[in-house]
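Participant: What follows is each chain in one-letter form.
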Amino acid sequence: MVKDQEFLEKKASYCLGLAKKLGATESSVVVKNSVSETVNFRNKKLDESNRSDDLGISITTFIGKKKSSISSSNLLNDNLKILIEKCVETTKKTPEDEFNSLPDKDLLAKEVKDLDLYDDTHIENDQKIDYLKKLEAAASNDQKIINTESSFTQNKSNFVLANSEGFCDGYKTSSFTSSSVTVAKDEKSMERDYEYSSKCFLKDLDDADELGKLAANQTIRKLSPKKIGSEKIAIIFDKRIAKGILSTFASAISSSAISRGTSFLKDKVNQKIFSDKINVLDKPDILKGLGSRNFDSEGVKTDTLKLVDQGILKHYLIDTYNGKKLNLKSNGRCGGTSNLYFENGNISFKDLLNSNSKSLYITETIGHGSNIVTGDYSVGATGFLVENGEFKYPINEITIAGNFKNMFQNITLANDLELKYATNSPTMLIEGMVVAGK
Amino acid sequence: MSIMSNFFEKSDLSRKEAESIISDTLQKCDDGELYLENSKSESILLDDNKIKNSSYNSDLGFGFRAISDEVVAYSHSNEISKNSLKQSSENLKSTLKSVKGTYNHEIPKSNKKYYNNINPIEQKSLNEKIKILNDVNDYLRSKGDKVKQVTANFLGEQKSVEIIRSGGETLSDVRPLVRFNVSVMVEKDGRKETGVYGVGGRQSYDAYLKDENWKSVCDEALRIASVNLESKPAPAGEMKVVLGPGWPAILIHEAVGHGLEGDFNRKKTSAFHNLMGQKVASEGVTIIDDGTIDNRRGSLTIDDEGTPTEKTVLIENGILKNFMQDRLNARLMKTRSTGSGRRENYRHIVLPRMRNTMMLSGKQSQEEMIKAVDKGIFAVSFGGGQVDITSGKFVFNCTEAYEIVNGKIGSPIKGATLIGDGPSILKEVSMVGNDMMMDPGIGTCGKAGQGVPVGVAQPSILINKMTVGGTKL
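First to last, the protein sequences are chains B and H.
Numbering-wise, my numbering comes out as the position in the first sequence, counting from 1, plus 582.
Numbering-wise, my numbering comes out as the position in the second sequence, counting from 1, plus 3.
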């Protein structure tokens, strides 16, 4: 079972006490425990079981404006003592940085709401096996499916964050995740695709049968792909790719990229960076939300932020260090966004498909082709050719390229947002991108 | 040996008791082991004119694995204690309810070692490391106003592993690893570009930094950034591509390396699974995966199952010869382990992985290749790549590339993605250079969420046809 609050708090206060005794002027500590149990199936048979029990502690000590940190998985007090001594010694030798400090006391979270993030239900491996049997039966129903791999994970975590300003809080979270990866084959090609579901509560998890069918269908429809010519064409991003574009936006407005000057969105607050109708929200208090939290990884309270309002950038994602550097207050985004999403657009998915006589619908991208310094974007892609609102045939071995500065100004969103993950987007259309193919 | 006793030193679990739990758990399994790991690592980062971070990590844990036929049961924990190991044992037994296998005790032996038993973190003082990072910052910023941002870091690690098999057989290894990285951002007329370069391997920091060698790392990062300031939009479409020697071999790693890993071929999900003994590359193309090169980032004395590593010939003169195997996939495919069983750390199961993947030299010069291209690109450096094993399609991102016009190298072009088809790309190789080079020791390969250090090498090569993902039609 995952360690209780009392155990974690005891370790945290031991560390803070010791750090102070050894000469740290300020310090903070995170103690975490995470227990997961996974069962994997392959071709309708048990393939792997995996149990992991991870303990971890990380401590940051300050001496004035000097700072250093250590982390360890060995929580025995003897070991912690050696490490904290080392940490304080290293701190003394590390040069000062005027922006180093704990968060301002008045920004720390005062009340911790119950966001319904922990489900105490324990699902035994035998029940996971039943779920996976059902899933794999559905996934391998069609003869074109030649390989299925699926997985079920239960995770229970607990943590405590404490600092020398008196902050000490934490809570349990849980997640249940099931996934299915299928391989389909015909005379001309072999293709792979996937589907997964992840929820805080077991009872909310997608039905096994539906998940398996969806994975299989998404794979089969990719068979016998064609390569198309190079041209300028409207691109429609499936939700699972569109949310990646939103994540790239989030990294480009992180205060570290802004303060270092390595983002194409530097100095763009209060400027129009998206098309008119685009709104982006980061909402940390969604009940059962996969990205929900009461405070960030420094203990600063997190409120809902409308990051983009009618196309205009309103906020960066600010932590304490970079905030001080930029002369801005932390808005509780150390460690990134919480539940981040584009608000719905006002046309239907169907109308989006119909908005150009010819477009490309992208279901998968590969490669690390997002450059947040320049805004350049170039990735390998797989998808479908759409003509007059209908899926014509699968496409692969192409790349799509553009620059986010232009791409953001040319986004149209459908009205099909679902809050399935921590970062979510409706289906997204971007005009004017370049496809490279034959 | 002192490392061996360390794992049980402060535990209520004695080595003898551990051995008996291991033997009891694995007695009717086909394979399995207890893997113990103790790693110490440091990271010192200079960014934005300041030492931003100095951190130290010490990680300790075990992973207990039992295999019956195709089924793997795994359990890991940070607590090396009687209770914890017994709980893991119970967990493994509950997965593998009724096993009737015969434990395979056979494991090859070797006395060879490919790196020294050192702790690189302690071989250089913190003050010295901080001084070099500050010198790097001053040196690069002295190169002119266009230098707007400098990031430099040291990463050092010492990882001690011990593998205890059923019957008490024990294998151990101590692995040093260091890396020194520099990233520089330059700006001219409002345009910003970045250049990154690094060095590393399984030796002390000084082996890579002596004689102010850090300056050449800085110069290279700055050179790449400066070239990119002058770059124009990349072309879009199919064309000839010349790859430079060394690091661009990540093309080989992505395009064919992953597809030749045993697990994907046993499961028949690799585009290569039915091509053994067949021609998969042009004549003259030979590719090996070698874990035995002294002090290289991808080298290992033994793999994470205890098998000594080797030099595995994957493709010989165009013909597919071998897959890379760990013990599990080797047994199921009725062959032997090639010493390719690796894991990121004790939290993860073993998978067949690459070590140092190399295409060997041919006869032609890079000059001949450039001359042979009317319209195409010359790719010198890459950021990273990815492959879809099943469809065989792979990509990689250029960080330094030039257009080739009528047999001559032209302007630099913006970072573009190249995309190709793994099983057919090597048949499109029409010239293999005489200038094979190793990468500088910076590669990390990701698979199933696990990152492991790897190396690559290749000579210059000419590829007849690849799709370049630029924006210029």
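Because the hints were derived from the structure by calculation, they are not lab data.
Hints are supplied without guarantee of correctness; some may be wrong.
As the list claims (entries may be wrong) - Dumping the calculated DSSO-like pairs for lysine-lysine here, alpha-carbon to alpha-carbon at most 27 Å:
{"id": "1", "chain 1": "B", "residue 1": "LYS907", "chain 2": "H", "residue 2": "LYS134"}
{"id": "2", "chain 1": "H", "residue 1": "LYS103", "chain 2": "B", "residue 2": "LYS668"}
{"id": "3", "chain 1": "H", "residue 1": "LYS85", "chain 2": "B", "residue 2": "LYS592"}
{"id": "4", "chain 1": "H", "residue 1": "LYS213", "chain 2": "B", "residue 2": "LYS675"}
{"id": "5", "chain 1": "H", "residue 1": "LYS270", "chain 2": "B", "residue 2": "LYS767"}
Participant: Confirm or reject each hint.
Facilitator: We went through each hint and held it up to the structure:
1. LYS907/B <-> LYS134/H: Holds, at roughly 24 Å.
2. LYS103/H <-> LYS668/B: Measuring from Cα to Cα gives roughly 50 Å; hence the hint is violated.
3. LYS85/H <-> LYS592/B: Holds. LYS85/H to LYS592/B sits at ~23 Å (cutoff 27 Å).
4. LYS213/H <-> LYS675/B: holds (23 Å)
5. LYS270/H <-> LYS767/B: holds (14 Å)
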